[in-house]
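Asker: Go by the hints and put chains B, C and D onto chain A.
4 protein chains.
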Amino acid sequence: MIPEKIKFGCLTKKGMAEVHERSLPQLKADELLVKQEVCNICTTDYQQWQGLREHQGYPMAGGHECSGIVVDKGSDIGNTFEVGDRVSILYDYCGICSQCKMGEITNCENIKMFGKNYSNEYYGLFGFATYFIRKAKSFVKMNPKLRPEEAAFVEPLGSVLQNMKKLRLRPGKDTVVVIGAGTMGLLNAAVARAMGGRVIVSEMMDKKIDISRRMGFEVINAKEEDPVEKVMEFTNDLGADVVILAVGATAANNQALKMIKKRDAKISLFAAGYPAPQMDIDPNMIHYKKIEVIGTFGSSLEDYNDAAGMLNEKRIDVSLLIEERISLDKIQEAFEKANSNNYRISVMLQQKTV
Amino acid sequence: MIPEKIKFGCLTKKGMAEVHERSLPQLKADELLVKQEVCNICTTDYQQWQGLREHQGYPMAGGHECSGIVVDKGSDIGNTFEVGDRVSILYDYCGICSQCKMGEITNCENIKMFGKNYSNEYYGLFGFATYFIRKAKSFVKMNPKLRPEEAAFVEPLGSVLQNMKKLRLRPGKDTVVVIGAGTMGLLNAAVARAMGGRVIVSEMMDKKIDISRRMGFEVINAKEEDPVEKVMEFTNDLGADVVILAVGATAANNQALKMIKKRDAKISLFAAGYPAPQMDIDPNMIHYKKIEVIGTFGSSLEDYNDAAGMLNEKRIDVSLLIEERISLDKIQEAFEKANSNNYRISVMLQQKTV
Amino acid sequence: MIPEKIKFGCLTKKGMAEVHERSLPQLKADELLVKQEVCNICTTDYQQWQGLREHQGYPMAGGHECSGIVVDKGSDIGNTFEVGDRVSILYDYCGICSQCKMGEITNCENIKMFGKNYSNEYYGLFGFATYFIRKAKSFVKMNPKLRPEEAAFVEPLGSVLQNMKKLRLRPGKDTVVVIGAGTMGLLNAAVARAMGGRVIVSEMMDKKIDISRRMGFEVINAKEEDPVEKVMEFTNDLGADVVILAVGATAANNQALKMIKKRDAKISLFAAGYPAPQMDIDPNMIHYKKIEVIGTFGSSLEDYNDAAGMLNEKRIDVSLLIEERISLDKIQEAFEKANSNNYRISVMLQQKTV
Amino acid sequence: MIPEKIKFGCLTKKGMAEVHERSLPQLKADELLVKQEVCNICTTDYQQWQGLREHQGYPMAGGHECSGIVVDKGSDIGNTFEVGDRVSILYDYCGICSQCKMGEITNCENIKMFGKNYSNEYYGLFGFATYFIRKAKSFVKMNPKLRPEEAAFVEPLGSVLQNMKKLRLRPGKDTVVVIGAGTMGLLNAAVARAMGGRVIVSEMMDKKIDISRRMGFEVINAKEEDPVEKVMEFTNDLGADVVILAVGATAANNQALKMIKKRDAKISLFAAGYPAPQMDIDPNMIHYKKIEVIGTFGSSLEDYNDAAGMLNEKRIDVSLLIEERISLDKIQEAFEKANSNNYRISVMLQQKTV
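Residue numbers (the UniProt record's numbering), protein chains in the order written: chain A, 1 to 354; chain B, 1 to 354; chain C, 1 to 354; chain D, 1 to 354.
So that you can see chain A by itself, here it is in the shape it has in the complex:
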């Protein structure tokens, strides 16, 4: 039974997450109706809650790392999705503009990533809604054997695959240092390993060091050890082939420049920082050491598709990256926890005990 009114979480101002209600619109020919299971809270979500990225507007019906079950489909969908399928969603995109034709939907020229795409009142994708209707082209099919909160990792994993594509990781050859063992850091680490990289994780916080070790990585305790020295030790003084900055911090940026190999290293600026970090770039050093400083953000359609494939085929295991499950009616508590150096907080949208 699809309720007349759906519930959804939204941010109404800095530090305030609430549950609101609205009606579901009519299902169109090219759309799917999905009963949402979970939506994980992303950095983008809780940094707005913290007041660090308030440019995105209020009220923000955010949330974009979610998964659910198809309960109805429009008449023009073809055989790709059937009622009962588990799905995960992508960012919105028009599919018409030149950027979308290249698959670069994060750059879509017609549809804003967190615009008022589903309401005149609310910004955001309504990820924390109990049900939603979206164009079928914005879903990927997920393996029903995954837990819903694992299936919800398609969007963040897509951005990690974009990073790997930009980095052109050399499988079986590269040694990758990931600085920062938060959710995105360890997701990068897990993917780099699954793609044939040797991975070293550098982190300061005890809990994150512990999870990094449980996931099987070589770990530097950056509170007690000098990360640059340790990387040199781990690599026979050769230095890292690749450094992925999964934190946006000046100190980390400059560490990266010192722990790389003599020539031809790559540094990925995977994370933005608020407040904005610095980086001591000396153009002559970049030139002589042939360094590549590579920015990465968002995902292409292919990245999302590949992310679904990696999760569905269990090529990586994200189970340790889920900190806690909290039901939608406690969404304010969920945001508080997301704000406390935790891994993903998973908001359960159907109130069942998991």
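No lab work stands behind these hints: they were computed from the structure. Check each hint, because a few of them may be wrong.
Here are the simulated BS3-like pairs of lysine-lysine, each with C-alpha atoms no more than 30 Å apart in a straight line [stated by the list, open to error]:
#  : chain 1 : residue 1 : chain 2 : residue 2
1  : D       : K223      : A       : K166
2  : B       : K230      : C       : K166
3  : B       : K28       : A       : K112
4  : C       : K14       : C       : K314
5  : A       : K223      : A       : K258
6  : A       : K173      : B       : K289
7  : B       : K7        : B       : K330
8  : C       : K165      : B       : K165
9  : D       : K261      : D       : K223
10 : D       : K166      : B       : K166
11 : A       : K314      : C       : K262
12 : D       : K173      : B       : K166
13 : C       : K14       : C       : K173
14 : B       : K173      : D       : K141
15 : B       : K262      : C       : K116
16 : B       : K207      : B       : K337
17 : C       : K314      : A       : K166
18 : C       : K135      : A       : K262
19 : D       : K173      : D       : K289
20 : D       : K13       : D       : K116
21 : C       : K35       : C       : K135
22 : C       : K166      : A       : K166
Computed from a predicted structure; not experimentally measured.
Answerer: Then chains B, C and D, alone, in the frame of chain A:
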């Protein structure tokens, strides 16, 4: 003024092209209404007319190398297309399935390439129609300074770009031999040159040899010279890095195996042949000489987008690949000419003198 | 103590391996003197013993999968190698010709792979010699913690890395079927997995099926199951992205064509076959299915270097690919065993018990 | 007749170039004796003369962009080089270390680029010598139909090819802006065009603007026009795909950041600057705009080999990049001219009138 009835060319049986009429459907929110200017006759079109590819079904409202002007747009298109824009069309695709998400729309799992996608009665894309309505996502914008029949080269050029992607041409380094100087052969030659290849064209027919020379290529007259010997002569006995087979013929296939360099050459099977050709593949030779035999067919969304870009920026010149312009009411004559070893016959859909 | 006379294994005719003696030449400025530890018997070696590849000439002082310890170095070596280092050798190459400059030393224009490069009397690289002198540029440094017979895997591993480079394996994405679980098949399988591929091995022989399972691969018992059906079952009817033919046999070649995915699959002809196999290539099918048939043979300098790195960093484990250790004085017995569907037979050159 | 004493140009202190004499050493088995024709003066050479890069040491028998004719060969060379061949030289490298095995000879671990490799007294490669002896592996063969001063472009062209490899230029697609139309800028421009890029050159100096136009490039007069605005105008407000900084200057670096396209642009730091330039890198901007800042320096063996191929096959024309020919006895004058915003000054080593 958009007429109540549109006219369109179609194949009703082997050897028979006719002009039929039908009404235009209603314009939907995600669609464009286009006043078509021209549609060039492709090999797929005239080989059905010849009876060589009749598996595609009758009546066939074919034609897929066309261009026109946007005369109306639906409400959900965004700013990508405006009334008055020149556009060219792509193959149909759902945009929903996994293959479309990878951009591989030629492999679309929901929509058949020449299916009955626009009518219960006719197969085909209605390329030879005076007007048509299509989803906006199936168009690319074209430079108004191009002639319409040049703008219509997006689809064949897209398939050539797919070929180049598969071949991973090494710009500034590779010597490419193209066997067969028909439209698709010279299009491959033009693109290989624009991408930094040295290009040698091998052809038997005087007219095509002449056009190849006028386009500035090094040419082998395969009727009078031995193509294998000539390639060795042109390359200081090194042989070709790449051979593109733009004809589907056993003799050409086996020539290719003999004119390549000693190691690491690539051979592209760009063209199907009717009747089906053979190729003397010795697996041990493929192994020891490290040959790559590469099949290629169709285009990705990115290929189409890039094809539009190349034409729009005039990075290649296709003007010599247009043999003649014939108005729609003489479509049977147009097919007769297309069937006579000519370059593209361009069917003019608005009856104006060009 | 370096003996005045060194001993070495050689093939004097079909089916006959003997131990001969000769003097060591003088060490030159650009050379290393190496006390050999082991040399594994390669397919090339025992197929000559079997009389299948006799074109290589007798007497053949073959063997080229070996490792040892540097005992003296010339004056122009620099700091790359020191006395006491464990090393493994590469094929001979001039380093001067254009192919060598590209790193493609297997294609060297001046030095024949198994020519009379070290003697007027014997062909071959003297891999089964107790000591030898070679140019320093033909060695790579190995991790002393490896067993000598593992360090001897540089050459075969190099050829597998060449294969992977030609295949452009997509890490985290591709499903790879390896047909044939001999030494080279499982080496390909191990590398494909280490580079982020999902690997399925197809094999008929019980012992090899068992070793494949012990190495952790998904395995098809091709004696009891239909390999094509099983691959479809393993891949949800999608088929393999990549098939590596690690046997040179007609039946396997044709299986490969049937177990691949609908579009864009790659088939690697990794192994030559004696007698020469066939393959049912239909050029139209290659074209429409966009198949790549890729030959691969030998290794580049970079491949060898990377192979040493992979072994040294223990990114793959080859221990199960070593069947037995046999001392040099029993080299005829070693060849008999190599000839009986076994994994690598390792010839111990210093007669110690391992 | 090979003279007992050879003459060579060298820098004895800041601002002082002199001609000295020495004997030729004995030819060894792996060496070539070359009668040098010309050596062009590189930036590295004249910036030492200017006192900007004096860390390289005096007396500096520099010069490394040279070509000549083989007059004798050692016994171990094979058939790659014959007496009478025109050749050009590469940087020194050991060929033994891991970097050389990867082809990255600029990173050679045993031999310093401008060390005292040929003399206990002089630094440098003796490029300005009338004759020299070098290992055969350090030469590439050149087309005798080239002028000697064109054949001498192998080394600088190699560094441009390294740059292109790092940039992964997309042929037929990318628009490349080159800032700075000196020798290296226009060499980059010529190669980018030969590899299928659209090229726009930005320059302030009248003479260089004129040469850029004569070479057929789209040109921005940066003294009179705003380069950022002009690039936007040239590209329909899309911005450049790639910017190559062929000058090491803060203003140019920051222009580059403003003239690139919105997402996924690449900026190459091709040139070092003396004094050291700055660049206003904002890590958040690099992240969100997915910019790649790429350092490049030196060449691999493959780059040199490819550079020889490009010149030999006349895929680019460097004739306008040669400013003047001056004989060795006037080497101080040659350096004065090289120091005056000129293109390459070619030092003629055999005193003939060209």
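Asker: If a hint holds in the structure, say so; if it does not, say that too.
Answerer: Now for the hints, and whether the structure bears them out:
Annotation: proposed proximity of D/K223 to A/K166 is violated, straight-line Cα distance about 36 Å (limit 30 Å). Distance hint between B/K230 and C/K166 is fulfilled; the C-alpha atoms sit about 29 Å from each other, no more than 30 Å. Straight-line distance between C-alpha atoms of B/K28 and A/K112 comes to about 23 Å, which keeps the hinted pair within the 30 Å bound. This hinted pair does not check out: C/K14 and C/K314 have alpha carbons roughly 37 Å apart, beyond 30 Å.
Proximity of A/K223 to A/K258 is assessed by CA-CA distance (about 17 Å); at most 30 Å being required, the pair is judged to hold. A distance of roughly 27 Å separates the Cα atoms of A/K173 and B/K289; the hinted pair therefore holds under the 30 Å criterion. Under the criterion of a C-alpha separation no larger than 30 Å, the hint pairing B/K7 with B/K330 is consistent with the structure, at around 13 Å. Distance restraint check for C/K165 and B/K165: the Cα-Cα separation of roughly 16 Å lies within the 30 Å cut-off, and the hinted pair is therefore satisfied.
A distance of roughly 23 Å separates the Cα atoms of D/K261 and D/K223; the hinted pair therefore holds under the 30 Å criterion. With a C-alpha separation of about 20 Å, the suggested pair D/K166 and B/K166 falls inside the 30 Å cut-off, and the hint holds. Taking the CA atoms of A/K314 and C/K262, the gap is about 23 Å. The hint holds against a cut of 30 Å. Straight-line distance between C-alpha atoms of D/K173 and B/K166 comes to about 16 Å, which keeps the hinted pair within the 30 Å bound.
The suggested pairing of C/K14 with C/K173 is violated, with an alpha-carbon distance near 46 Å, which exceeds 30 Å. At most 30 Å may separate the alpha-carbon atoms for a hinted pair to count; B/K173 and D/K141 meet this at roughly 16 Å. Proposed proximity of B/K262 and C/K116 is supported: the alpha carbons are some 23 Å apart, at most 30 Å. Between the alpha carbons of B/K207 and B/K337 the distance comes to roughly 15 Å, so the proposed pair stays at or under 30 Å and holds.
Between the alpha carbons of C/K314 and A/K166 the distance comes to roughly 27 Å, so the proposed pair stays at or under 30 Å and holds. Distance check on the hinted pair: C/K135 and A/K262 sit about 27 Å apart at the alpha-carbon level, within 30 Å; holds. Under the criterion of a C-alpha separation no larger than 30 Å, the hint pairing D/K173 with D/K289 is consistent with the structure, at around 19 Å. Distance check on the hinted pair: D/K13 and D/K116 sit about 16 Å apart at the alpha-carbon level, within 30 Å; holds.
For the given pair, C/K35 sits about 14 Å from C/K135 by alpha-carbon distance, which is consistent with the 30 Å threshold. For the given pair, C/K166 sits about 20 Å from A/K166 by alpha-carbon distance, which is consistent with the 30 Å threshold.
Checked against the numbered hints given earlier, the structure breaks hints 1, 4 and 13 and satisfies all the rest.
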